[in-house]
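Trainee: The chain contents come next:
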Amino acid sequence: MTLITSRRGFLAASGTALGAGAVLTVGFSTKGLLAAGTQDVVFNPFVSIAEDGTVTVVVKHFEMGQGTSTGLPTLVAEELDADWDQIAVTFAPSDNARYANLAFGAQGTGGSTAIANSFMQYRQAGAAARAVLVEAAAKTWGLDPAEISVEKGVISGGGKSAGLGDFALAASSLTPPQEPLLKSPEAFTLIGKADLPRKDSRAKTDGSAIFATDLHLPGMVTAVILRAPRFGATLTSFDASGAEGQSGYLGAQALTTGTGVAVFGKDTWSAIQARQAITAEWDFSQAENRDTAQILADHQALLENPQFQTRAEADQQTSEAALAGAAQVVEAEFHFPNLAHTPMEPLCCVIAPTDQGVKIYDGAQFQAITHPTVAAVLGLPPSAVEIETVYAGGSFGRRATPNSDYQAEAAMAFALLGRKTPVKLAWTREDDLTGGYYRPLAVHRAKIGLDGEGAIAGWDHRLAVKPILKGTPFESMLVHNGIDHSSIEGLSDTFYGLPAFSVGLSDGESQVPVLWWRAVGHTHTAYAMEVSLDMAAEAGGQDPVDLRLALLQGEDKDRQRLRGVLQLAAKAADWGTPLPEGKGRGIAVHKSFGSYVAIVAEVARDGDEVAIERIVCAVDCGLAVNPDVIKAQMEGGIGYGISAALREEITLAGGEVEQLNFPDYEILRMGTIGTIEVHIQPSTEAPTGVGEPGLPPSAPALANAIRAAGGPRITVLPMTKSGLFFS
Amino acid sequence: MGRKLTINGEERAVTAEAGTPLLWVLRDELQMTGTKFGCGVASCGACTVMIDGWPTRSCQTFVEDLEGSEVTTIEGLSGPTAEAVQQAWRDLDVVQCGYCQSGQIMSAVALLNETPQPSDADIDAAMAGNACRCATYQRIRAAIHQAATKAEG
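Note that the protein sequences, when read in sequence, are chains A and B.
For reference, each letter of the first sequence is one residue, going 1 to 727 in the numbering used here.
For reference, each letter of the second sequence is one residue, going 728 to 880 in the numbering used here.
Keep in mind that a hint or two might mislead.
[Said to hold, decoys possible] Pairwise CB distance ranges (calculated): (1) B/A855 with A/G576: 50 to 60 Å; (2) B/P807 with A/Q553: 54 to 64 Å; (3) B/E810 with A/E147: 45 to 55 Å.
Keep in mind the hints are simulated off the structure, nothing from the lab.
For each residue, glycine too, the CB sits at the ideal point set by N, CA and C.
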């Protein structure tokens, strides 16, 4: 608790906000803080040091498993020369001025940017704190700062030594350097360390890690929402008489948005039980009432006349002309279903009254959106709202809706109860699966012309997908000339040297809410591209690795790095060595979120049964800050991508979602993937993303392996639709 | 009307009515939140506890059926096998989001109690009911093998 107290003290003590681009406010007075009785000395928004030597790193990104609560402290500890065991971690409060994601200009986590945007900022924070500690030690000991060294949390010089905490108070009155000296990479001892332990392992293995769903505040009431059974329907009336008298039932009220009924219980079970006893009438006139088959057909029809040509290099006329002169044409139509994120912790947050307004406890992914959204729902000034970020039980993008959907529900429920009672807003798994915000359904059609030698001569690619970013606060940033970047990323901007390659895009239309889902547009564009290339290789009689290397020739840095991971993965996976009958290897390579990943899948096929025996992954994410976290994220991204490709699909019947819980929405289980090996390409480039980039090449590598093992060419996902079984 | 449950070796009086899943007695009434809610239909394993030593989904175990039974949750895990499992989880940094890991660890300890030297196939079979959306499966398997080796040694 002292850590949290010290953070509050720091916020109270620091008056000025950071300007845009500034990364440090170091050296402000800590008198107010000390007067409050805490022993911690705050050096800047990211680091405080207690007298006992505990170094608390304030982590501005939430932890959903991707490793930020280890990665950001690594950067501070490295430059501070702290001992890893003396590093404690706390999550930052919501404060755009101090804790913005420098890639967004606002506080939030996404796009695999946590390490990339924090790399210099958190190192500078550690280095600035180190500089004033050294200066304080030098003064006390009568030495020149150059005579002082710091190693593993011990300050030494002139035959004396002390801990970091011993000079924390003295250092706090000194002015840190504006541009502290940073280590050169050869001097790193923690950055790049292969076995640096995660900071969250202990709490997550003894049951003590606290997620929002674990909170119990005094007097807290639990709310669940009875939501419309179809997207876009509105509430006309409800009857709660069935719940009257049920144990723990505390009442039900319509949400002010007309999107549902808030059902209150003394605890989660009583709220869930009460909801089952309540009936509601809905207006479906504006709702999504179609079946998925019809929505798919409507997307297919959009392929005939694309709304947008997205590539400056070639338009449809160019590619059609090239196809007319081709020796052979390879064609495929790809279907990608809606996918749910299904984080293991069903969505949940707690909202409670404070002296000046409210506080939200949340596995908060986009504080910069949730903060003003909750303020607006409650008619409060933003200064009256606080967010305390707690561990998130997974997200994969789901906790970052552009409208803060579930946090807004919590605020509405809190208001309906009179704003005096803490409210836990809980979702069930059924709410999660039927509640929308899916990876959009997408349809791609590729027509690839090959010349007499089997080389690609032209490519007419079209797709229809509902845009994710249009109508959100991100539209101005990422939608240009009507083209939603998230629809075409990884395709329109391909690094392959494809002649006469056009991309025609149409915006799919449906009422189904769509959202970024781990790796966003790359989840379908990489599959369409990498499987199409494999089809071209097969038709042209070329080796899939050779074909890709040929299309990635040249000195362009992206192409070099793509070739690098392609060759690394191929070599590690014994590409080209013979396999027994029934086995096959497939490869795919893709750049996303700044990183380059190649994957080789190896499968054994026995009729319709496929065993995924081995996955080999090569990743180039620049300088590897936490190699084991990078490996874990590759393993996780591959598992998540293959999980979806095998069996996941959200479908509608008459507008109603057909998948209610895990038995209907089958996710990956233990044993389905044999082994995953991850090879990290050594690099001195700036670090780039790892949370998402493992995913895009995983499913196409698997599809290509199944084909190489004599199986079907899979263009419709999930793969079980092709009659396959996965052991 | 109160009931008495034996949880982690202690007798606990609870007020939950018949039909209430053990999961919610633990989480909301006793505020022992290490046991997690993931699906409510015994399909994901996040709520796994041990009842008389057997791994059991607490979301489909009802409070009235627990008379005379010994419930063990993640908070009450102890003994050489449990310690070897938790240590292996830490040594290999198995966790990512961590939400499913209480249930994974309960299932792993139960497996090793029954089968001290499990094969990959034993592990796959015993752990198939525990879903991990972060897909930490490979590390879970390695950690179970490591714990088995350590417990043996």
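Trainee: Each of the hints needs a verdict: does it hold here or not?
Mentor: Here is how each hint holds up against the structure:
At about 35 Å, the CB distance of B/A855 to A/G576 disagrees with the hint of 50 to 60 Å. Against the hinted window of 54 to 64 Å, the Cβ-Cβ separation of B/P807 and A/Q553 comes to about 59 Å, which satisfies the hint. Between B/E810 and A/E147 the CB atoms are about 46 Å apart, so this pair conforms to the stated range of 45 to 55 Å.
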